[in-house]
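Going down the list, the protein sequences come from chains A and B. Take the first sequence: its position 8, counting from 1, is numbered 642 in our numbering, and each next residue is one higher. Take the second sequence: its position 171, counting from 1, is numbered 805 in our numbering, and each next residue is one higher.
Just so you know, the hints here were simulated from the structure itself, not pulled from any lab data. We treat Cβ as the ideally placed atom computed from N, Cα and C, and that holds for glycine. Incorrect hints may have been included.
So the derived label-pair ranges between C-beta atoms look like this [to be verified]:
| id | chain 1 | residue 1 | chain 2 | residue 2 | range |
| --- | --- | --- | --- | --- | --- |
| 1 | A | S731 | B | E797 | 55 to 63 Å |
| 2 | A | P672 | B | E797 | 54 to 62 Å |
| 3 | B | A687 | A | P790 | 33 to 41 Å |
2 protein chains.
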Amino acid sequence: MGAAIERAAVVGAGVIGSAWAARFALHGVDVKVLDPNPDTERILGEVFDNARAAWGALDLPSVPEGAVEIVETYDEACNDAQWVQESAPENVEMKRSILQQIDDACDHDAVIASSTSGIKPSDLQKGMSHPWRLLVGHPFNPVYLLPLVEVCGGEPTGKDIIERAMEVYASVSMKPLHVRVEIDAFIADRLLEAVWRESLWLVNDGVATTEEIDDAIRYGFGLRWAQMGLFETYRVAGGEGGMGHFVRQFGPTLSWPWTKLMDVPELTDELIDTIEQQSEAQSGAHSIRELERIRDQNLVGILRALEANDWGAGETLAKQRDSLSSN
Amino acid sequence: MGAAIERAAVVGAGVIGSAWAARFALHGVDVKVLDPNPDTERILGEVFDNARAAWGALDLPSVPEGAVEIVETYDEACNDAQWVQESAPENVEMKRSILQQIDDACDHDAVIASSTSGIKPSDLQKGMSHPWRLLVGHPFNPVYLLPLVEVCGGEPTGKDIIERAMEVYASVSMKPLHVRVEIDAFIADRLLEAVWRESLWLVNDGVATTEEIDDAIRYGFGLRWAQMGLFETYRVAGGEGGMGHFVRQFGPTLSWPWTKLMDVPELTDELIDTIEQQSEAQSGAHSIRELERIRDQNLVGILRALEANDWGAGETLAKQRDSLSSN
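Taking the hints into account, I'd like the entire structure generated from these sequences.
Have a look at this one:
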């Protein structure tokens with residue numbers, strides 16, 4: 635077993651890119667990192683500390699870490715990489731320019747993946763010399779702990795490239811989900827966007843604070859979603875009547891005037907200030923570093939609990955354990 | 635410590651009502667149960683089996699269970715109850731009629747709570763003789779395991795009644811969340827509704843199956859939401875820039891044409907069949923009973939993991955342990 639690649643490049647090394655580097659390196663893959671930010675070394679170091687701590691808390695077998703090198707040019711980053719993961723800011727023009735430079739610097743066999751959470755791969759492929767080798771591999775923060783990665787090809791993406799992506803991501807212990815139809819925001823972020831909009835209305839209209847909304851999630855349906863998601867939960871709720879019964883029963887409420895989602899709340903300075911102040915009142919007692927540690931400890935605990943039940947993300951973790959120990 | 639009430643009535647004993655009965659009885663509260671369904675005894679028995687199994691798996695101290703009695707009339711159910719929890723089907727007319735009969739049968743001091751997930755308390759209070767003692771106490775399935783209960787009063791609801799509800803629910807180890815502004819669907823179901831609509835579109839348009847949508851949730855952001863919810867997660871993602879920075883960055887994408895939520899998908903027989911078939915392919919290998927057990931085992935594991943970190947729903951569990959052992 636072990637990783638399906640030996641050498642990767644990470645282009646863009648903020649929170650997401652650095653965590654990709656950690657996931658690759660902790661699976662024994664050598665990683666070259668390219669980012670113009672002078673703080674790159676510090677950010678990488680902090681994210682690697684978190685990732686190694688999570689690894690330890692998960693009691694995962696440790697394999698010799700891949701070598702990590704911060705480089706200065708696209709050539710140094712990409713010339714011998716088998717896999718390039720781009721994680722630049724969400725700006726189409728910027729990403730296109732970066733992807734073209736990656737494309738030009740890469741070996742013919744290399745595959746290029748973009749971490750974009752919302753831009754269609756077809757929109758990124760415009761202007762690339764070899765668009766067939768570009769796909770989206772959209773991960774979830776913290777990338778060294780959460781298994782999901784959405785894999786989506788554009789019009790020109792080769793079928794073999796998608797297959798290769800599924801194999802490479804699985805080999806670094808992820809759960810690749812092939813998004814078969816190319817849509818903006820893929821699947822998960824469509825759902826997140828819906829909740830985000832509705833939540834902004836609730837704050838905007840003074841119905842609930844950020845803390846009350848978070849509590850409504852994490853003491854209730856958030857606990858269900860960590861293990862079953864939406865439809866399977868409702869299937870169980872529907873009881874012996876099954877899913878069709880549940881949907882028919884739930885159905886009529888869909889036309890009730892519950893939602894204000896038809897409209898987008900204007901992000902005025904006032905609304906942003908309100909959110910900022912409420913978030914500060916809610917979480918300000920902890921620094922971001924502390925919150926990261928708390929989050930990671932919770933995720934580790936949840937993943938181990940699911941592993942003990944051989945279920946969902948816990949199954950992915952069990953595979954990771956096997957894969958790393960047979961390395 | 636212990637429960638703040640000694641005698642409760644549960645009116646409507648499907649999956650939700652039966653689980654209320656279990657939560658009350660396992661905290662030592664006597665419960666009278668009223669439901670015209672001839673299967674009530676069987677359903678109650680199955681839910682109590684699940685609840686006792688969860689209690690055991692959580693290693694909670696067991697206190698002498700309250701006496702549970704299925705009765706035939708509103709008078710028998712309500713005449714000495716201090717708390718009545720109504721969990722009838724989501725139909726305004728039916729609920730109004732039931733609540734009026736409860737109101738007439740209850741002692742002056744009794745409080746009446748409706749489990750409705752979407753109807754405003756003010757709409758339920760119409761026609762009641764003592765509307766001031768009615769509030770909504772909206773729980774989440776499985777009620778014997780998930781701590782959240784949304785507490786919402788209507789126009790006439792007494793302030794002391796809300797305070798009493800917060801006290802009573804906390805005393806049976808729940809996390810009562812006061813919904814201060816009366817809106818349809820309260821807080822959690824507004825968010826669930828948003829995700830449900832978007833998910834229906836994804837299935838309707840053939841973008842993703844029910845299983846793919848569930849996987850997009852439970853291998854990714856579902857794991858985050860079990861412990862932090864939406865805003866605190868984004869606060870961490872925003873890094874040192876903080877929440878305001880994050881919102882400003884996220885902001886522009888809000889106006890992207892990602893969502894189809896402006897419109898409601900028509901629940902045609904064809905769409906319902908599709909959902910039913912996909913759900914069968916996804917989960918049909920397990921019976922509903924098995925899925926309930928799997929769900930409960932996962933929830934137990936997640937709750938214990940969060941308890942070990944003294945966080946979120948795990949804190950509620952720790953309090954439950956204390957409260958039951960000092961009983």
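Hint check, failures only: Checked against the structure, the only hint that fails is number 3, while the rest are satisfied.
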